[in-house]
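Visitor: The lines below spell out each chain.
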Amino acid sequence: MNGKNIKEKHVEVIKNSLITVGSLVIDFLLCLLIQNIFSEEALVPTIVVLGVFLIAVFTDGYLYGVLASICSVLVLNYAFTFPYFKINFTIPENIISAVIMVAVTLVTCFLTSKIKYQESLKAESEKEKMRANLLRAVSHDLRTPLTTIYGSSSAILENEETLTTEQKRQMLLGIQQDSQWLCRMVENLLSITRLDGSHVKIIKVPTVLDELIDSVLVKFNKHYAEYEVSVDIPDDMIVIPMDPILIEQVMSNLLENAVLHGKGLTQIWLRVFTIRNQAIFEIRDNGCGIAPEKMKNLFNGNYMSEEEATDRQKGNAGIGLSVCATIVRAHGGDITAENSKGGGAIFRFNLDLGEDDEHEESV
Amino acid sequence: MKNRYKILVIEDEVHINNLLCALMDANGYQALAAHSCEEGNLMFASHRPDLVILDLGLPDRDGMQFLEEIRKDSLVPIIVLSARTDEKDKVLALNVGANDYVTKPFGSRELVARVGSALRTASHRAENGMRPGGKFKSRGLIIDYDARYVTIDGEEIRLTQTEYNIVALLSEHAGKMLTYDTIITEIWGYKDAGSTKKLQVNMANIRKKLGAQPGKQNYIINELGVGYRMSEGDDQM
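So the protein sequences, as listed, match chains A and B.
Just so we're aligned, residue 1 is where the first sequence starts under our numbering, counting upward by one.
Just so we're aligned, residue 1001 is where the second sequence starts under our numbering, counting upward by one.
Chain A extracted, bound-state conformation (with noise of 0.2 Å):
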C-alpha cells in the first residue's frame, strides 16, 4: 500500500512538472513569435498572465503555480521589457506587473484548491447519503423475518400441546426460510464491509474462471435445484483477477435476482466471454423484466419508493443490486442492465483480464 502511494505521488510530481515545463515553454515561444510579426510590446505581458494563469489551475496545489509565475516575471523581465536582456527591477512599472503576475496566480490557486476539495466533499456526501439509505433499508427489512423467527418460535414453544403437528412445520419452514433469508442480507452487509472504508483496496487473485463459475453454481443449486441454468463459457481456461468470494457474491444475486423477481422465469442464460482486455460476465433471463420506471435508480441503493417501503422482497433486490455495483465499481468494471428484447432481463458487468500486480500475497 505504501509503496503504492508513494508511487502515485511520483506520478502525480512528474505530471504536474511537465505541465508546467510544457506550457511555459510554449508560452514563451509564441511570445516570441508575436514580437517578431507584431513588433507590438503590449501582448507579451497578456499572453504570459494567461500561461500562468493556465498553469494554476491544471496543476496541483500552489507549488507549480508560483513557480511558474516567479519564473515568468524573471523571464519577462529580462527577455521581453527594456532594458532587453538585462534583469531590471528599478523600474516601477516592472515591478508592479511582477506584483499583479505573482498575486494572479495565488489567487487562481487558491479558487482552484477551493473547487477541487467541494468536489472531493460531495463525492463524500453522495457515499455517506447512498450508506444511509441502504442502513434505513437493511434495518426495514430486518423487521418482518425477525417477526416471522421470534413469533413463530415463541409460538411452538408456548403451544406445544395445542398445535398440530402440520400448523408446526408450517411455522419451523417460516423459520427456516427466513432465516437464510437473514443470511443472504448478512452475507451482502458484510460484503460491503469487506471493501467499505473508501481507500481500501480490493486484493486480487488470479482466479480461474471455470472455478468460479462452479462454486457459484453449486451454490445456486442447492438453493434453486429446480431452475436451469445454460452456461455459456470459453473453452480455454481464462484467469481473471479478482477477489472471488465478492465475485461470487455479485453472481449469487444477480442469479437470485433473476429467480426471486423475474416472473414467469423458465431458464437463466449465464455467459461469459472476452473481448480485448476484459472479460464480459452476462446473466440474462426469460422472467418479466425490469420495470422502466426502476431502471433508473437500479444500482444506487434508492430504491424505496413509498408504496413500495412494506414489500420485502424489492427490498432485498434493491439491497443486492447496490452490493453488486459497489463490488463490481471497486474492482475497477462495471455494470449495466437492459430489458432483453425477447422479454426478460439482461445484467452485465466486466472485469479486467489485466495482469495484476498484486497477487504474490494470494493464497
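Any given hint could turn out to be false.
The calculated label-pair distances, taken between Cβ atoms and stated as ranges, are [to be verified]: (1) B:R1004 x A:T162: 34 to 44 Å; (2) B:E1038 x A:A132: 38 to 48 Å; (3) B:E1013 x A:E158: 54 to 64 Å; (4) A:H10 x B:K1197: 22 to 32 Å; (5) A:S139 x B:L1169: 47 to 57 Å.
Straight-line Cα separation of at most 30 Å, DSS-like style, residue types lysine-lysine; simulated pairs [claimed, not checked]: (6) B:K1208 x A:K219; (7) A:K222 x B:K1209; (8) A:K219 x B:K1197; (9) B:K1104 x A:K222; (10) A:K263 x B:K1216; (11) A:K168 x B:K1104; (12) B:K1198 x A:K219.
Note that these hints are calculated values from the structure, not bench results.
Given the structure is predicted, the values throughout are model-derived calculations rather than measurements.
We put the beta carbon where it would ideally sit given N, CA and C, even for glycine.
Model the placement of chain B on the given structure of chain A, informed by the hints.
Guide: Here is chain B on its own, set in the frame of chain A:
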C-alpha cells in the same frame, strides 16, 4: 448402540453448542459438550473422542492453537467451524491439520454429511492406507494405483505425470479438503511464485479430461480461495 462414535463439540456459544450436540445425538453419535479450550482439553484427554468439532473463536484461547496442540499426538479428525469470509482462517486451519471446515451459518444436513465423511475417511485411511494393488472407485471413475491408470466407465483417461499425481493425491484423501499449498508441496516439493498458476493449469486440464461441467456433480470439488476435494469413493460411502 454400544459402539457409538464419540463426538467432542467445542463451542462457546451455548445455543450453537446445544444445537450441535442435539444434532449429533439425533444422528446416532454420542455428543460431548465443551465450552472452552480448557474444558475441551480435559474432555479430549479423558474421553478420547472419535471426532472433534471445533469453533475457532473461543474465549480462553485461540482455537488454532488448540488445533496445533491436539495434532502433536493425535490424528483424530477435526472439523472446524468458521465464518464465510475468512478464507485465510480456513486455509490456515486446514494447513495446521484440520480435516475439514463448515461455514457458519450451516444447514444441519451439510454438517452431518461432513461429520460422516470425516469419520469414514479416517477409518478408510486407517484400514487401507496406500496399500499395494489398491484401487479408488467413485461413480464410474477408477484409479489403479499400481498401474497408474485412470478410467471412467471403462474408458481410459490419458493424464500426464503431474496430472496423474494430483488426481492420485486427491483420491488418497478423498472426502478431505486439500489446500493449494498442501497440493503444491506434495506434488512439486517446493512452492514458488509460479506454483499456484501451475496448479491451476493442471487442474483445468484434469477437469477437462474428467469431463467436468460447472455446477454439476463433479469428481473434484473446488472451493474458491481454499483448495480442492475429491468426492468420496464408493467403498467409503
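Visitor: Indicate, hint by hint, whether the structure satisfies it.
Guide: How the hints compare with the structure:
1. At roughly 35 Å, the beta carbons of R1004 (chain B) and T162 (chain A) sit within the given window of 34 to 44 Å.
2. About 45 Å separates the C-beta atoms of E1038 (chain B) and A132 (chain A), a value consistent with the hinted range of 38 to 48 Å.
3. Between E1013 (chain B) and E158 (chain A) the Cβ separation comes to about 24 Å, which falls outside the hinted range of 54 to 64 Å.
4. Roughly 30 Å separates the CB atoms of H10 (chain A) and K1197 (chain B), a value that falls within the hinted 22 to 32 Å.
5. At roughly 49 Å, the beta carbons of S139 (chain A) and L1169 (chain B) sit within the given window of 47 to 57 Å.
6. Distance check on the hinted pair: K1208 (chain B) and K219 (chain A) sit about 21 Å apart at the alpha-carbon level, within 30 Å; holds.
7. Between K222 (chain A) and K1209 (chain B), the direct Cα distance comes to roughly 26 Å. Compliance with the 30 Å bound is thereby established for this hinted pair.
8. Of the supplied pair hints, the one linking K219 (chain A) and K1197 (chain B) holds, its CA atoms being roughly 25 Å apart against a limit of 30 Å.
9. At most 30 Å may separate the alpha-carbon atoms for a hinted pair to count; K1104 (chain B) and K222 (chain A) meet this at roughly 16 Å.
10. Among the hinted pairs, K263 (chain A) with K1216 (chain B) is consistent with the structure: their alpha-carbon atoms are about 26 Å apart, no more than 30 Å.
11. For a cut-off of 30 Å, the pair hint linking K168 (chain A) to K1104 (chain B) stands: about 25 Å separates their Cα positions.
12. In summary, the hint linking K1198 (chain B) to K219 (chain A) is supported, as the alpha carbons are separated by about 27 Å, within the 30 Å threshold.
Comparing the model with each earlier hint shows a violation of hint 3 alone; every other hint is respected.
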